[in-house]
Amino acid sequence: MFFHAKRIIFLGFLNIWRHRLRSTLTILGIVFGVCSVIAMLAIGEGASFEALEQIKQLGSHNIILKSVKPPSSESVNTETNRMLEYGLTYKDAERIKNTVPGVEVIVPSRTIRANVTYRKKRVDVNVIGVVPWYLQVSNQKIKKGRFISILETDDHKNVCVLSSNSARRLFTTESPLGKDIKVKSDYYTVIGVMEGSGVATQEAKTGDTDLNLFIPLTAAKSRFGDILVNRSSGSFSMEKVELHQIIVKVQEITAVMASAEVIRGVLKRFHKDIDFEIIVPQRLLEQAERFKRNSNIVLGSIAAISLLVGGIGIMNIMLATVTERTREIGIRRALGAKKRDIIVQFLSETVLLSGSGGLLGLILGITIPFLVTYFADMITIVKIWSVGGAFGISLLIGIVFGIYPAYRAAQMDPIAALRHE
Amino acid sequence: MSIVEVIDLYKEYPLGDHTVEVLHGVDVTIEQGEYVSIMGPSGSGKSTFLNILGCLDQPTQGKYYLGGTDVSTLDDNDLSDIRRERIGFIFQSFNLLPELTVVENIQVPLFYQGTPEEEASERAADLAGIVGLGHRTDHRSNELSGGERQRVAIARAMVNDPLVILADEPTGNLDSKSGQEILRLLDDLKEQKKTIIMVTHDEEIGRRTERTIRFKDGKVLTGPRMPAKSL
Ligand SMILES: Nc1ncnc2c1ncn2[C@@H]1O[C@H](COP(=O)(O)OP(=O)(O)OP(=O)(O)O)[C@@H](O)[C@H]1O
Ligand SMILES: [Mg+2]
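Residue numbers (my numbering), protein chains in the order written: chain D, 1 to 421; chain F, 1 to 231.
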């Protein structure tokens, strides 16, 4: 029997080809099932890859504290020229350093919108006051020059590091290193340029966040003060925010969650309002991974249903085929084919059918992510296991849904089958 | 040793809540190389008997020895083996596979025997030549005339070199000219000392055989066991 595997497969193809329209319609369910599994998984993998990369940039050892305007502030703010004071303070940073165990380093920072000029070029940027060990926690890299030093921080030196886009906008082709640029009313010497934006963000790239400029936090405090004045449409408000962000890097990755709770406790004691938020990238990572797992389950169920429907369609057609070919079955049995031979014949035909569906679906399923990447500029990742798995499942469907029709064919009484018109 | 030895054979079919007894107590012995015809009125059980001889069906009671083997107790698998190795069937309605070519049809039994393909198609082509279809080996069988189809069927019945060739009204669907050609081929087989058992309604055809077994109501009519030719 195995002698003739080639011939049985050939016979199967012959029968599929003879009824090509019917075969094509029959396998559509499998084609779309397999295709959608591979394509949707590839798109999902790509999206979650991008999300995970962003979260990893934030640092899995890090706890990020951010100042936020307390919810009650809006109503208070209606009283004219009241000063709104909120957010994280230098004291908070000090307290965390002194009371939270296992903290490796703390990076406070402050961000001010300001416009920067060099010769005739003028750009609105985020001026970020940071500490020299910022690079240690931020996963960011210097492209040219160097970052702010401790000495410059102690001396409140007017030095700055540009993000690559700020550098490009201000200097186009010139080398920015050593040049003096004007930030508001003071001149700062450029000592370095960052690779990329210099900051990690949770959000997908937005235009604004990559125009950054880093100066010593001490310089920021003495040049800009703690008070921000907003003038908008006649009204006028003042805000006092000492720090916009504190990144706390914890020594042990396993201690991150616990440390975050300790920090929350410490901060709550000294803040009446909820004027800060705590972002734990590790938790975001877990959420993202859980989301991915869940969406894979949903995807898997949809795929399972469409493949099931496809399988039932194939079974339906095979049952019809068996009835149509009753006479042939009778003839083959009379000439000495065993029940087993008949089962092999019909089962291999069903597997060929579902396998061709799987193959077509696989080709489509690989092509679609490719097109999505090309036209929609989205990352897509076609996992080998999804391709192999989907194809394997299509073969399995052929076997599962082919068994009953093949069994029916084999169980026919040869004499009755021979008499069949 | 007889090729076919049937002893007190019964066959009944369940029909609703009772059974129809089609064969009751058939005894037949056929020797190697005999050319035997089976005749009798319609419904007398000839085809039923032939199907049992061909191991397509099993007796309800009684013994059937084919080439010395008791086949009345075998299971479906073993019966398939016997059909494949020892029986050659020729049907009234040809029963070829319409989508296959002449050569492919002839080699179907070899396919199930596991004969290597080249050997099988060579043998099939030879047989196509013997039955006079050497020029049509690659035609699909549904492109052939009735007489040609039956010649393919004869070639197919010979391809496994069977112990017996069973023919159920082989000329029943043919015009007399094609029928004569088929009978001539059977005569040739007889010359080669093949054992042939043929069901027919035609007395004239019956006279071409060496012996006629007459059926009536599921029984063999007893009488002088003499060759039909001398009647
Ligand atoms: N599967 C079956 N179930 C019930 N009855 C059957 C079955 N097969 C055959 N019979 C009955 O057995 C009897 C003999 O049938 P059989 O086909 O052997 O007759 P026959 O001699 O070949 O007739 P004919 O010359 O018309 O071909 C008939 O009455 C038929 O109805
Ligand atoms: Mg009959």
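If you're looking for bench data, these hints aren't it; they were derived computationally from the structure. There may be inaccurate statements among the hints.
Unchecked claim - Listed below are several chain D residues computed to face chain F (Cβ distance under 7 Å; list not exhaustive):
#1 Ala51
#2 Leu52
#3 Ile331
#4 Ala337
#5 Lys338
#6 Asp341
#7 Ile343
#8 Pro414
#9 Ala416
Claimed, not checked - Anything over 10 Å on all C-beta distances counts as not near chain D; from chain F, calculated:
#10 Ser80
#11 Val108
#12 Ala125
#13 Glu143
#14 Asn160
#15 Asp175
#16 Gln180
Said to hold, decoys possible - Beta-carbon label-pair distances, calculated as ranges:
#17 Arg18/D to Asp75/F: 31 to 39 Å
#18 Asp17/F to Ile302/D: 19 to 27 Å
#19 Asn77/F to Ile363/D: 39 to 47 Å
#20 Thr73/F to Arg419/D: 20 to 28 Å
#21 Arg419/D to Glu12/F: 16 to 24 Å
#22 Ile312/D to Asp17/F: 35 to 43 Å
#23 Arg140/F to Arg419/D: 44 to 52 Å
#24 Asp75/F to Ile403/D: 20 to 28 Å
#25 Val400/D to Glu117/F: 47 to 55 Å
#26 Thr73/F to Ile302/D: 53 to 61 Å
For glycine and all other residues, C-beta sits at the position ideal for the given N, C-alpha and C.
query: What hint numbers does the structure not satisfy?
result: Hint check: 1, 2, 7, 9, 10, 11, 14, 18, 23 and 25 fail, others pass.
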